[in-house]
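Asks: Sequence:
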Amino acid sequence: AKYGLQGPIILPNKFNRESSSTSGQSESNAGAVKVTSLAGAIFNNKDDKKGQHNTIRQFFEQRLGYTLRFPDTSNTRFQSHCRAAEELLVHLDLYREFMELVRDGKDKPVFTNIERNVNDALNDSTTLTELAVLALYSQAISHPYMAAVRSQTLSAKNLLDLGPLPQNVIEFCRSITEKPE
Numbered sequence: 035a036k037y038g039l040q041g042p043i044i045l046p047n048k049f050n051r052e053s054s055s056t057s058g059q060s061e062s063n064a065g066a067v068k069v070t071s072l073a074g075a076i077f078n079n080k081d082d083k084k085g086q087h088n089t090i091r092q093f094f095e096q097r098l099g100y101t102l103r104f105p106d107t108s109n110t111r112f113q114s115h116c117r118a119a120e121e122l123l124v125h126l127d128l129y130r131e132f133m134e135l136v137r138d139g140k141d142k143p144v145f146t147n148i149e150r151n152v153n154d155a156l157n158d159s160t161t162l163t164e165l166a167v168l169a170l171y172s173q174a175i176s177h178p179y180m181a182a183v184r185s186q187t188l189s190a191k192n193l194l195d196l197g198p199l200p201q202n203v204i205e206f207c208r209s210i211t212e213k214p215e
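Heads up, the working numbering is the position in the sequence shown plus 34, with the first residue counted as 1.
Read the hints as simulated data drawn from the structure, not as lab findings.
From a predicted model like this one, the values you see are computed outputs, not experimental measurements.
Among these hints, one or two may not hold up.
Stated by the list, open to error - Capping the alpha-carbon separation at 20 angstroms, the derived lysine to aspartate or glutamate pairs in EDC-like fashion look like this: (1) Lys142 / Asp154; (2) Lys84 / Asp158; (3) Lys84 / Glu120; (4) Lys83 / Glu120; (5) Lys83 / Asp154; (6) Lys191 / Asp106; (7) Lys84 / Asp127; (8) Lys48 / Asp154; (9) Lys140 / Asp154; (10) Lys142 / Glu131; (11) Lys213 / Asp195; (12) Lys80 / Glu149; (13) Lys84 / Glu134; (14) Lys48 / Glu149.
Said to hold, decoys possible - Label-pair restraints from in silico Cβ distances: (15) Val183 / Val144: 19 to 27 angstroms; (16) Lys142 / Arg184: 23 to 31 angstroms; (17) Asp195 / Ile175: 16 to 24 angstroms; (18) Arg97 / Ala166: 33 to 41 angstroms; (19) Ala174 / Lys84: 31 to 39 angstroms.
We put the CB at the ideal spot given by N, CA and C, even for glycine.
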């Protein structure tokens with residue numbers, strides 16, 4: 035808002051969409067992590083009776099020749115939202131196509147609220163930009179950091195045992211902020 039820029043599309047819950055009220059919606063109702071959470075609920079729901087996990091696996095096998103399993107964003111696993119952002123971007127056209135197939139394959143061809151939110155987000159340039167930033171963060175910072183943490187000897191039991199590694203990550207992030215090029 036400070037610079038007059040448009041933020042990611044608001045992804046309202048069913049109640050707010052039905053009442054046409056997005057006023058007072060917080061940033062937690064928009065953006066990369068919100069759409070990866072919603073996509074995870076559709077493409078890899080922890081409840082086997084919900085979501086599209088079997089259908090999307092068959093869809094990808096038909097289109098790519100192999101199946102994919104969408105990252106489990108319902109867990110608190112480290113990096114699951116980063117991996118989901120990467121997955122959505124790498125196969126963006128296929129996820130867009132799949133969403134249309136889900137909608138069109140129903141007796142009444144309309145999206146549910148969650149499907150509409152994911153579809154809208156996959157077609158919103160600012161949300162896609164946030165997904166790209168999350169993916170870049172994952173590749174440049176998160177994956178290398180966790181690889182370094184996991185390579186430490188078993189004697190490293192906590193953050194203090196990692197020595198200068200956490201501070202190096204902070205300094206690297208600052209250098210990117212100061213010279214993004």
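Asks: Each hint should be assessed against the structure and marked as holding or not.
Replies: Against the structure, the hints come out as follows:
no.	hint	in the structure
1	Lys142 / Asp154	19 angstroms, holds
2	Lys84 / Asp158	26 angstroms, violated
3	Lys84 / Glu120	23 angstroms, violated
4	Lys83 / Glu120	26 angstroms, violated
5	Lys83 / Asp154	24 angstroms, violated
6	Lys191 / Asp106	27 angstroms, violated
7	Lys84 / Asp127	23 angstroms, violated
8	Lys48 / Asp154	14 angstroms, holds
9	Lys140 / Asp154	19 angstroms, holds
10	Lys142 / Glu131	18 angstroms, holds
11	Lys213 / Asp195	30 angstroms, violated
12	Lys80 / Glu149	17 angstroms, holds
13	Lys84 / Glu134	18 angstroms, holds
14	Lys48 / Glu149	11 angstroms, holds
15	Val183 / Val144: 19 to 27 angstroms	46 angstroms, violated
16	Lys142 / Arg184: 23 to 31 angstroms	49 angstroms, violated
17	Asp195 / Ile175: 16 to 24 angstroms	20 angstroms, holds
18	Arg97 / Ala166: 33 to 41 angstroms	22 angstroms, violated
19	Ala174 / Lys84: 31 to 39 angstroms	34 angstroms, holds
Checked against the numbered hints above, the structure violates hints 2, 3, 4, 5, 6, 7, 11, 15, 16, 18; every other hint is satisfied.
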